[in-house]
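Make the full structure from the sequences, and use the hints.
Protein chains: 2
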Amino acid sequence: MSRFFLGLETSFVHDLPAMLDKIYEDKLNGIATPLFHPRFKRDDHELRSLRDGPETRSDLVMDSRGWTTSVVGTISKWIDLDANTLSTRLNAEKVFKQEVAWASHLSVRAVMLPTPRHTHCSANYARVLNQSLTQAQYLHFWVRIPLILQPQKSTATLPMEIDPVIGLCRTAMIERNEEANENQIDPWAIWDSLRARCEYHPKLHVALEITADLPSDEAIQRWFGEPLKAAIISTTIFLTNRKGFPTLSQRHQKLMAQFFQHNVQFYLSGRPRHRGKLSLYVQYLHFLYSKRPNQDRKALFEAPYLDYLQAPLQPLMDNLESQTYETFEQDAFKYNQYEKAITKALSATVEEKVSVVMIVGAGRGPLVRCALRAAMTANRKTRMFAVEKNPNAVITLRNLKISEKWDTVTIIASDMRSWETTERADIMVSELLGSFGDNELSPECLDGAQKFLHEQGISIPQQYSSFIAPIMSSKLWNEVKAQDSLKSFETPYVVRLHNFYALASTQQCFCFTHPQLNATIDNRRQAELRFLAAESAVVHGLAGYFDAVLYEDVMLSIEPGTHSDGMFSWFPIYFPLRQPLRLEKGEEVVVNFWRLESNNRVWYEWSISSGNGKCHVPIHNPNGRSYWIGL
Amino acid sequence: MSRFFLGLETSFVHDLPAMLDKIYEDKLNGIATPLFHPRFKRDDHELRSLRDGPETRSDLVMDSRGWTTSVVGTISKWIDLDANTLSTRLNAEKVFKQEVAWASHLSVRAVMLPTPRHTHCSANYARVLNQSLTQAQYLHFWVRIPLILQPQKSTATLPMEIDPVIGLCRTAMIERNEEANENQIDPWAIWDSLRARCEYHPKLHVALEITADLPSDEAIQRWFGEPLKAAIISTTIFLTNRKGFPTLSQRHQKLMAQFFQHNVQFYLSGRPRHRGKLSLYVQYLHFLYSKRPNQDRKALFEAPYLDYLQAPLQPLMDNLESQTYETFEQDAFKYNQYEKAITKALSATVEEKVSVVMIVGAGRGPLVRCALRAAMTANRKTRMFAVEKNPNAVITLRNLKISEKWDTVTIIASDMRSWETTERADIMVSELLGSFGDNELSPECLDGAQKFLHEQGISIPQQYSSFIAPIMSSKLWNEVKAQDSLKSFETPYVVRLHNFYALASTQQCFCFTHPQLNATIDNRRQAELRFLAAESAVVHGLAGYFDAVLYEDVMLSIEPGTHSDGMFSWFPIYFPLRQPLRLEKGEEVVVNFWRLESNNRVWYEWSISSGNGKCHVPIHNPNGRSYWIGL
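Note that the protein sequences, when read in sequence, are chains B and P.
Sequential numbering from 1 applies to the first sequence in UniProt numbering.
Sequential numbering from 1 applies to the second sequence in UniProt numbering.
Read the hints as simulated data drawn from the structure, not as lab findings.
Hints should not be assumed to be uniformly reliable.
Note that identical chains are pooled: a pair holds if it fits in a single copy or bridges any two copies.
[To be verified] Computed cross-link-like contacts, DSS-like style, restricted to lysine-lysine with a CA-CA straight-line distance of at most 27 Å: (1) LYS97 <-> LYS487; (2) LYS585 <-> LYS405; (3) LYS353 <-> LYS77; (4) LYS381 <-> LYS203; (5) LYS243 <-> LYS291; (6) LYS481 <-> LYS344; (7) LYS614 <-> LYS203; (8) LYS97 <-> LYS381; (9) LYS77 <-> LYS614; (10) LYS481 <-> LYS340; (11) LYS203 <-> LYS451; (12) LYS298 <-> LYS94; (13) LYS344 <-> LYS291; (14) LYS585 <-> LYS614; (15) LYS298 <-> LYS277; (16) LYS481 <-> LYS353.
Here's what the structure looks like:
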């Protein structure tokens, strides 16, 4: 669960323990401070000399727990790793590594690195950082990136301080900035080039500097696909309310709310501008945190699963465990919808007739209960068959038939594809859908079962579709990469997507309807979808969703635009890409998706390319070599 | 060694053995022919039906050796894997796979695949091909790509036949085509998208269709960085000479000469247009082949090493073997240059003085001989020291001192960096250069040895520089990829580059001069170089070269622009890239190169990015983790 961490960013502090005591009094949790004095510009000569004096304060001023929990080391901003002359670069490297080594020795949690000052050529910065990342044991590296980067006056220096802007001027400034957009450097691009050269190292994170002017919502959203660890809030971005207290603009408040959801640490910077009191800012930010919406049942259920990769279920090949049934049976929304759909379908039948309802894949019986309730509501007589292949679930069903007096229900212990009967169903109900709709082989199962359906019979669901969207997620891509195998990059994962950014809205991929009345049924599918990138970003994979028409207007959906409120049975599915694909804002990306089959398997293959035909990612999972679903 | 293979491309042949007998009479070596009759358009229904008749000729018409050596199967051109409707695509896939399976069954060497007809969207073609490649045991796949693709009349059909153009009209047509260049589809881009999606599969090759009009030299050159296996020569591209015989234009002849160097198989296509006789074309092409330049000593020496990756020598850490010395001592050009340089340096000394010449790293003595001859030529008295760390080579040197009466020569069995002496050299001669100049640690060795040099003393070499160029080479990239490790992608290789294309001219990278008179010597180097791609291409790595100033105007060079004629001691060096980087024609690519050091090692790190700052390849070999040179 998220915890609110608010620290202070300071200039060099001589008496660190005293300073920490002071900030704890102000209800702050820690400090980000330079490890070396900024005037201590060690040149080559000085480094080699055998000076007697220490180069900075001793590690002994605190115990190592103090360093780890309370201090983030700020790396000197004057270090210029991409200076024009080799000697300056080599000296900068020496100093940088000295500071990193000292931070490592102190066991501080992280070092805060300055924004690369040469926005178009920080190759040497990246190289030195990459070496440090590769060698680091526990130390994390946070690169400071401002949300908006003011156009540079010269290529050599970057204005690190944002001028304070207050009150009414703000709006005008934002508009002017939008106009000047063309000349502005996209701060995200600086970050992207750095981390691409460092190959998405898992110890490399972003510390976002919140600026007075904010970029577009889309540009902000994009940061939530990045490994965001900290946000730096300057006192200069605060407005003043009527009583003279600091407050944030509506857009800044909205941004803070998003940070709260992503476990970001905050660092206040700059001198207090309201009555000279730091505590006023602290109080205000604590107030904002306390105002965040309460977590509902669904959010609490999902919290431990955020960004956690799971192999998709194979309920056809494997038998589910009792615990799994238990979890999914708790989804009230889903079964309400099923009950509504069955009620509606029964109501459409002739009143006197005894309707035959078959539950194919009955599990531990939740759909049987839905159907029994629906029959009551619709006031229809029914005979029911609950077909289930898992012998363990059949035991539960047979017990329920006795304990709950399911007199009209016949339990059939059989795979729905091989059951032999002369009964014909008016309504056939199933819940065989996976996160991607068809990925648990609902089409193949229902094709097998539909022979028990009357010619005019109804399948619930009637139709389902998969949806995909290209997404950026450093975190998920890195999680897959950590497994270090081709197989892991060619397997989809069920995951509650959280630390991600969708470059474009979802589009429909495959669609299936039931019953299928064609002479020859073919469940292979091929889709080619084109998306326009809303912002410059990197595609790390495809997010997959589904929606389903249970009956007429009764729907289930996990597609973001139409997500059924409160339903938690399905997380999205994530199809990774072996190579990230970088796109410019407005650039087109083409996604090819195939659903393929052989005698005993179904699998997907997927591929992606830039719309201009220049860049092509290799086709994933040829012949289902890494991932397939057993029939 | 290259062998001339000329086959015939035909339409469907009913009696294959008879046809083969006929073409052998015409001195042709084989045939490329459809495996199924083109009018046999098997639709879904037909495939499923239990027809009695065979679908094509029997495999029994020939033994398997006949199929393997003489036949390439042409896949039906009408198969449209990217048709608009799913059913057509699925049927096309079935037919494609049936033909591939049959080809595999026959054990023909390769199948010839049609040019993708949907030039902008052959995702499904790529997917089906990729599946076949992944499953293939021995079969190779040649994709037919024309050198020039005529602008398409509709998106659905591609004109596969090039209209015959003869005589004087040719030049005018070429010019018109150059003008219309903007609208033309680059055939290479079609190939590139296909093989990128198929991830550079080693069984995937190009069969180039030689067109009457030829693209620019640069565009032709680019194909020699691709896995080129065959060239198809239509009879329509031949001109008629005064006697009425077929002949090729000068540019076509030049192109053929290049094919001869790359072991390409040729296939004649189309009906004979000169006196109705195929043999005239065969004779002419044999004549062209016989006219190719004789292979010189250097070419013969190099032939077995073409595109063969070798780990660079580590002569400082390892002792060379006698055989290695023997090979390199045969480079007459190199030692001539050394002799010239020493002669020139000695001639500049005062006549009466006895000059001290030190050979540091004397090996088995070739430079001692050079120096002795130079002393004769320059008519100078000398005292020589031959310093050698390899005890095995010292045995040779001591024997030579007796057998060749090296009375003025003192043999010193010592590492040049640790030898203690009061002698001071007027001239210090070394041959410590690697393919990349400094990569065998010449700088570090000579820094150690220069303490024996007089203040005004001369080092031979005086200076050396490394050079790099971005190159495309599917072959080399695949060779590295086959090793399937990070280490293999972060190691440079010494290799006689052959199947490659340089996207841009080489540029100087690092430079070292000797003696180094600075107080503190620093052999670390950093370079950032920018190249413009002469054609749209993929960068698979960097080619490295060097040149050296031995003394004044006496040079050695393996840099392509200034390569010393006949010198064979050094092959280029290849630094691979883990991810290929695709560039458009005229696009800039930035290469960063670092020479770095620690106490006991020297290593390189390298990185590459697109000039627009969009794409960044991860930095290779951080901290020398995969490759380093031991001090």
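Violations among the numbered hints, reported as their numbers in ascending order: The structure breaks hints 2, 3, 4, 6, 8, 10, 11, 12, 13, 15 and 16; every other hint is satisfied.
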